[in-house]
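**Student:** Take a look at the letters that make up each chain.
Number of protein chains: 2
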Amino acid sequence: MTTQQQKPYVIGLDLGGTNSVFGIVDQRGDIKATTAIKTQGYDKVEDYVAASVDALQIIIDQVGGIETIKAMGIGAPNGNYYNGTIEFAPNLAWAHDGIVPLAQLFSDKLGIPVALTNDANAAAIGEMTYGVARGMKNFIMITLGTGVGSGIVVNGQLLYGHDGFAGELGHVIMRRENGRPCGCGRTGCLEAYCSATGVARTAREFLANRQDPSLLRELDPEKITSLDVSIAAGKGDALAKEIYEFTGHMLGEACADFAAFSSPEAFIFFGGMAKAGDLIMDPIKKSYDEHVLKIFKGKAQFLISSLDGASAAVLGASAIGWEI
Amino acid sequence: MTTQQQKPYVIGLDLGGTNSVFGIVDQRGDIKATTAIKTQGYDKVEDYVAASVDALQIIIDQVGGIETIKAMGIGAPNGNYYNGTIEFAPNLAWAHDGIVPLAQLFSDKLGIPVALTNDANAAAIGEMTYGVARGMKNFIMITLGTGVGSGIVVNGQLLYGHDGFAGELGHVIMRRENGRPCGCGRTGCLEAYCSATGVARTAREFLANRQDPSLLRELDPEKITSLDVSIAAGKGDALAKEIYEFTGHMLGEACADFAAFSSPEAFIFFGGMAKAGDLIMDPIKKSYDEHVLKIFKGKAQFLISSLDGASAAVLGASAIGWEI
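Chains as they are written, first to last, in our numbering: chain A, 1 to 324; chain B, 1 to 324.
All copies of an identical chain are treated as equivalent in the list; a pair is satisfied when it fits inside any one copy or across any two copies.
Below, in silico cross-link-like pairs of lysine-lysine (DSS-like), each with a Cα-Cα straight-line distance of 30 Å or less: (1) K275 - K241; (2) K7 - K70; (3) K299 - K137; (4) K223 - K235; (5) K7 - K137; (6) K285 - K275; (7) K285 - K297; (8) K297 - K44; (9) K44 - K294; (10) K285 - K235; (11) K275 - K235.
Honestly, the hints are just simulated from the structure, not real lab data.
My request is simple: use the sequences and hints to build the entire structure.
**Tutor:** What follows is the structure, given as C-alpha cells:
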C-alpha cells in the first residue's frame, strides 16, 4: 500500500441537477477514468450515495484500487465547504428540504477524506490548480450559466466567509429601481440580466420594444436561448450584437464594484456564455475601464477559463481533493 | 537590552491631513505616551520624518528607550501595505504627486520595523486587536467620516488584494443613474451619500425640495454639517431623522451586497457618524434585513466600534506593529 503522500489520484464529482459525473484525476489534471449516474430518481441520499459508489468502484479498480486515491472533491449546488453539507438545494429531490451531510456519507463508504463546495468555488479551485489561474493569489471566477455564480480567491485561498456561503456575486443588485425579478425572490440581481436565461430575456425585450430587423425575429420569442443570440451575433446580426453589448456592459460595471472589494489581478469567465469570446469579453473590458475607480484602472486581466469544456466541472471538483 | 519577544510596546502613527498623532501602546491597548506634529508645512518627506522623529524621541525616552519598542505601525491616506508607501495622496503636500517610501524612511531613522496601511484598514486591525472584533475571523469595518472607508477581514487577515488597495467600499456604485458626483471623479458612489459631507448634502436637498418645518431651517444651508443633523435628530426633529433613515437605508442596501461578497459575521461602524447610535444603526439593520439574500438573513451582527474616540486611530495604527 502506498503512503498518503504518494497517492497519485483524486476523485472529482460534478454534481448537477440532471447528471452526476465522476472522474479520477492525476496531479497534472489528466482525467484517467470517468463514469456517471443520474442525479435524480433517488428518494433518499443514502440510495444516491450507494448508486454512486457502485459506479465508482469500477473506475477505482481501473486505476489500481482505492489505495491509489488521496481524496474526493465534490462540486454541488448549495454546497457548504465548512461542514461538507448540501443545504436546501431546490433542484435536488433528496436535498431540497434539509441539510444533507454528503461529504461524510461518501467518506464513510469509500474510506477516504471527502470535501465539498459549490460549483463556482470548485471552478475557481480548478482554475488555480490546472488552468489559467495557476500561480495567481487573487482572482475572481465568474460562471455564466443558467445562473451567475462566483468563486473568489484571496491570498491564494477560496473566500468562504463566516458561514461557508461567501461569493454569491450573481446576487449583487445592479438595478435598484424597476429591476427584473430574480430566482432568489428579489429584483435587479446581476444574475437576472447576465445569466443565459437573463440574456434570453434581454433578447425578448429588445425584440418587443424595437422595430429593426434581426435574424432572431425568425424564432419563437418564448423559445429563444442565449445560444441563438450567440449564433445570430456570429452571423453579424446587429440586434444580437447589441444584446451582448448590453450584457457585457453590465458585467463590466459589476466587475468594477468587485475590484473595489478585493482588487483581483484577474477576472476569469467560465461557462457557456464565456464561449462567445470577444463578443462578450470586449464589452466587459470596455465597460470596466469606463467604470472602475482610477486606482484600479488597467491593473486587472480579463480571461476566459482554460478548463472550459465537458470535463471542466469534474476537474474543478477534483481539485478540492488536493486541498484536503 | 530586552529581546525581540519581550519588547512591550509598539508605536502608532495616525497620519491625518492636518495632524500627525503618535502614541506608544502596550499589548492591552493602553496608550503609555503620546505626541503630535503638524502634517503639513514640510516640502520634502525627509523633513517631515525628521520632525516626527524629534518629537517621538521624547516619548520613546519616557517609556525606557527604543529597546522597549517592537515596531511601528502607520495609518495613512493612500497607504500601500505591500511596499510601505504613500501613493499620490491628494491632501499631503509631500506625497501628492508621487510614491513616498514612508515606512522605510521611518525604519531607517528609528532602527525598528515599520509597517503602513490606509486608515480604514488600520481601524479594522485595531478593532481585531483591541476592540469588539477580538476573536472574529470575518468582518467588515466601515468608517463613516469625511469619506466612507472600509477594512475587510477574511480568515483573520486584512484583505489587501493584488495591489494592496482592496477594500474601497466607499466607491461601490449605489446610484447608476443620476448619481451624485463623488470626489473620485465618478458619480453615484456610496461615499457621495453616506459620508459626513454626503449627509450634509442630503440635508440641503431635503430642505430645498420640501416644505415641512425643521430645526435645520434655522441654519445657513451651505454650512450645515452631519453634526447639526445629528443634534436636530436628537431633539426629535422629523426631517433630521428622515435624513438618517435615508442614509441608513442606503448603507443597509450596500451591506447586503457586501454580504454576497465575503459573508462576514459582523459589520462594524467607526467614525463620527457612527456616534449617532441607534439613529443610524436602526435603519441600517432594517434595510439590510429587507435587502439581503435569504441565505445570509439574520446571520450578521451590526456593531459600533468600541475604540471610537480620540485615540482610536492611533490604536488602530499601532496594532499593525504587532503584526510585523
